[in-house]
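Protein chains in written order, with the working numbering: chain C, 79 to 165; chain E, 79 to 165; chain P, -8 to 743; chain X, 1402 to 1627.
Keep in mind the hints are simulated off the structure, nothing from the lab.
Glycine included, every Cβ here is placed at the ideal spot set by N, Cα and C.
Relax, there's no trap hidden among the hints.
Some chain X residues flagged as far from chain C (calculated, every beta-carbon gap over 12 Å):
(1) Ala1433
(2) Asp1438
(3) Gln1477
(4) Arg1515
(5) Asp1531
(6) Gly1563
If we take Cβ atoms under 7 Å as the criterion, some of the chain E residues that face chain P in the derived model are:
(7) Glu91
(8) Ile92
(9) Leu93
(10) Pro95
(11) Asn147
(12) Val149
(13) Ile150
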Amino acid sequence: MARVVVDVMLKPEILDPQGQAVQRALPRLGFEGVSDVRQGKRFELEVDGPVDDAALARIHELAESFLANTVIEDFTVKVEEMVGEEK
Amino acid sequence: MARVVVDVMLKPEILDPQGQAVQRALPRLGFEGVSDVRQGKRFELEVDGPVDDAALARIHELAESFLANTVIEDFTVKVEEMVGEEK
Amino acid sequence: MSRTPLDTVEHAAETPDVELPWAELGLKKDEYERVVEILGRRPTGAELAMYSVMWSEHCSYKSSKVHLRQFGEKAPQSDALLVGIGENAGVVDVGQGYAVTFKVESHNHPSYVEPYQGAATGVGGIVRDIIAMGARPVAVVDPLRFGAADHPDTKRVLPGVVAGIGGYGNCLGLPNIGGEVVFDACYQGNPLVNAGAIGVMRHEDIHLAKASGTGNKVILYGARTGGDGIGGASILASETFDDAKPSKRPAVQVGDPFQEKLLIECTLEAFQEKLVVGIQDLGAAGLSCATSELASNGSGGMRVTLDDVPLRDSTLSPEEILMSESQERMCAVVEPEKVDRFLAICDKWDVIATVIGEVTDGDRLEIFWHGGKIVDVDPRTVAHDGPVYERPYARPDWQDALQADDANKLARPTSSDELKAQVVQLVSSPNQASKSWITSQYDHFVQGNTVLAQPEDSGMIRIDEASGLGVAIATDGNGRYAKLDPYAGAQLALSEAYRNVATTGAKPLAVSDCLNFGSPEDPAVMWQFAEAVRGLADACQQLGTPVTGGNVSLYNQTGEVAIHPTPVVAVLGVIDDVARRTPVAFQEEGQLLYLLGDTREEFGGSAWSQVVHDHLGGLPPKVDLERERLLAEILISASRDGMIDSAHDLSDGGLIQAVVESALLGEKGARLVVPDGLDAFTLLFSESAGRAVVAVPRSEELRFTDMCGARGLPVTRIGVVDGDSVELQGEFTLTLAELREAHEATIPALLA
Amino acid sequence: MTARIGVVTFPGSLDDRDTQRAIRLAGAEPVALWHKDKDLKQVDAVVLPGGFSYGDYLRAGAISRFSPVMESVIEQAKSGMPVLGICNGFQILTEAHLLPGAMLGNNHLHFICRDQKLRVENADTAWTADYTAGQEIHIPLKNMDGRYVADEHTLDELEAEGRVVFRYVDFNPNGSLRDIAGITNAAGNVVGLMPHPEHAVEPLIGSGRTDGLPFFTSILKKLVNA
Ligand SMILES: Nc1ncnc2c1ncn2[C@@H]1O[C@H](COP(=O)(O)OP(=O)(O)O)[C@@H](O)[C@H]1O
Ligand SMILES: [Mg+2]
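In isolation and in its complexed conformation, chain C is listed as follows (with noise of 0.2 Å):
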């Protein structure tokens, strides 16, 4: 058992008002220096077997067709390293 995780995001190109409209909240909140903010979904995938590079050209195909429209978004796939801090 491994997870695998699909970062989509839309491509810099495309208007993002989800991510507009965080980032115009912020000064509210009392938040400065953040110049932009984007929105985007993550997908964690529980993957059954050993993660070799045939499933993960699965899972890249996979998400190629299926989990971001490319004509709109851009992804990346990786196998889950615990970076940074949790809560």
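Here the structure of chain C is known, so what remains is to put chains E, P and X with the ligands in place on it, guided by the hints.
Same frame as chain C, now just chains E, P and X with the ligands:
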């Protein structure tokens, strides 16, 4: 300038209808071997200035009070390092 | 994980001295002792879980029951009532073989904690009540109350609530056809999120929540069961009772409207094939409620194997499974030979369905887990024999002073300019301003039968394409009036909803209500509650509109401070042909404007007193139910015979508010004159009840005024539909453009 | 003879019954199609109705696009069968790449329901022949994800080929690029739009106008005269 990423996911015990819908669709797409899918939000914040501990603490606070509703969601804050494969 | 040994009935009998955490589960000592007495032994953990949730205020109505009885005792004789109080929702005959079911419920507290999901699951819950009666849901309404419009937290709560109601209702394909949005600081920590739904069926399709027929199967279908909303039960699940795991047991549920849409479709298909003997939705208290109610309302007992419940979280204990409030689940009782077909329909709709038990010939509800019997109770004692309190109540000592603080003595405008300024101030105030920023987030069109929706006086749905038969619904409540006089306030809420239905041309038939109050443990609040119920029951009796069901929400208070007593009343009406409906909007220039009813100096609790003086005191407008009935008859006749082409009831904000709304909607102005015997100020702002303003084509003028005269309804000509401004002769002129800006800019400016 | 027009029901479709009613009112025969069946029951045209198929989870239309019925719809559409996608149906058509571009969340982030003014830009498609080019109509609009986007090149191409079928007039309700409310494929048989013509077919109901009826009479005439 640095990028800080806040990932917001529904707590594991909370129903995730979106993730379930994705998971249920997978076999139809000929994709087996994924035992669970959770869908959450990813916020990419472009921060001016250095991301020191103080800045991270404030982003943490922002995530807790605004980006996530901790009644139903957990979040993680991390400074972006390029990991894995980028499309 | 699990305690050893399993706390079976046998084990409970052998270990009478084990202390159970009844207090943590919300039971009082005498209540726990009563459980022990009923069972003749200590309860098992699972039994304790069931009794504690079913005997909670929310499920047992223990504080309110003694008062609510009046709705039955005083119920007017009504041929229309097919199913009354006590079922999931009341059912009313609307003719041509059609029956309509409707009900309003609250989801106040969850909506404060998680506005989107709290409100969304509120819609989900009320819709399941409607399906459980055998009906196809056809519309929803949402009476809402928030804290001050400019309070920062309102900006968190309101958009989330509205998005949640829309997100769920829109996704279910239910047109939202009415509701209310009220702002008042008293709701700051306790917003009121009430949701109502209407469903339609043929008489023969009415279903009830009962499990009958030995051998019939109990099928649980819909979402898997998770650890939602089971707070206290987790204590029972822990190794030792103080080693709880609360963090894993969310108090707020997440709704899945898509799952609910599938639930609607597969349930209706099962009804259509006559596969269902009894049915119950799973709402508060989940399986505890569904199994005990189905069993106690049926003829036999029931045996359930809890291991067969499909779980989302495999770590759940049996107690938690019994208490889980996971959304989008239903329970059906099905004859054995029809089970396969039932399961096939569920499969067609991708809905998980599982046989979890069967009806037995005894009279016990028995529940098994891992082979052991963990529940063995008389289901009636769980579902119906909960405690009943006669809580003390007393008229609060401040009530006299409040009523003595007479709003009629407040300073009135002294010049035409001041009068004009106050008109603008009124129509732009948050409570009186256009709510279209909110209501445009709701689908009004889906199902293709919406005749009237926001901002009409009542929502109206066609239910028969061939004949044009339709139903109308309006919900109203005025916490300010009720604070001044809860008895009259409840009657005024009913009067207004009744009037709103009649204004659109429909005949009021029946009532549902949602009673939102503070803590019943406060005698002053309990008095407000008792008065409001008495007022509503008396008024329903007099108007001939029975209460068919409703909901009570108590403990809406922060610390010692309760919300205004807020009885919200929904009135359902019927119209033979929706082509005859009367809209709010002015239709044609030249039509004559008539004011129906008596206008008195009545400003207590009025919008004017709030907006201009930030004042609440005095007495609310006088209640005159016979007048309401007469007004309704006139409005209905006039609509049926084509004597009026628009009508608007007068309520908060008075005449000027109504005229401005009709003018803006119709994009046609009005020239008004002050009739003899009234002053301009009273004409514009009085909130006397029992009134409406109608537009009468000149060709109908005589016929209409003769009809009013013959029946004794005061009718006063106050002007004409004309131009592109609202003018009060000799006082002021406001262009429609100015009025539109004033009326429509407020809410977006506060919330967008 | 009359035309048989299929209306697909996906799980979560909402306006399927309304669309069947509109087809009936126009004088054609509505035929219910089921998402799990590849069989199109020999219909002459197909409508993908509005709603929230699969709850609009993942992306509006993304999951439905992979249903069995869509295999047949895609195949038939490519060989010329008229297909109309309304709202969620339009989203499915873009996800299925039968129409270019994509639908995103409204720029104001809210669901919006209103009676929307549109201009008919192309009255030559299978579904718009009963309108005249340039005609302005009012059709109810109700959606969460109505923002049409495509890259500049695609947009220019759509414009150049006259494949923008409807444009929002006076008010752009969702931030759609170039005010686009509906488009067609190069052959003109596949049309998608966000507003709901099926909710503007009876004078008393919904918006109280009948500006949507010509969709259904257009296709009926085309099929009957074919
Ligand atoms: N939360 C809401 N949801 C749906 N409709 C609403 C809501 N709030 C107000 N409305 C609608 O807006 C219109 C005006 O509301 P209101 O002023 O309370 O009406 P009235 O005074 O006639 O009861 C009515 O059609 C009402 O149903
Ligand atoms: Mg009204």
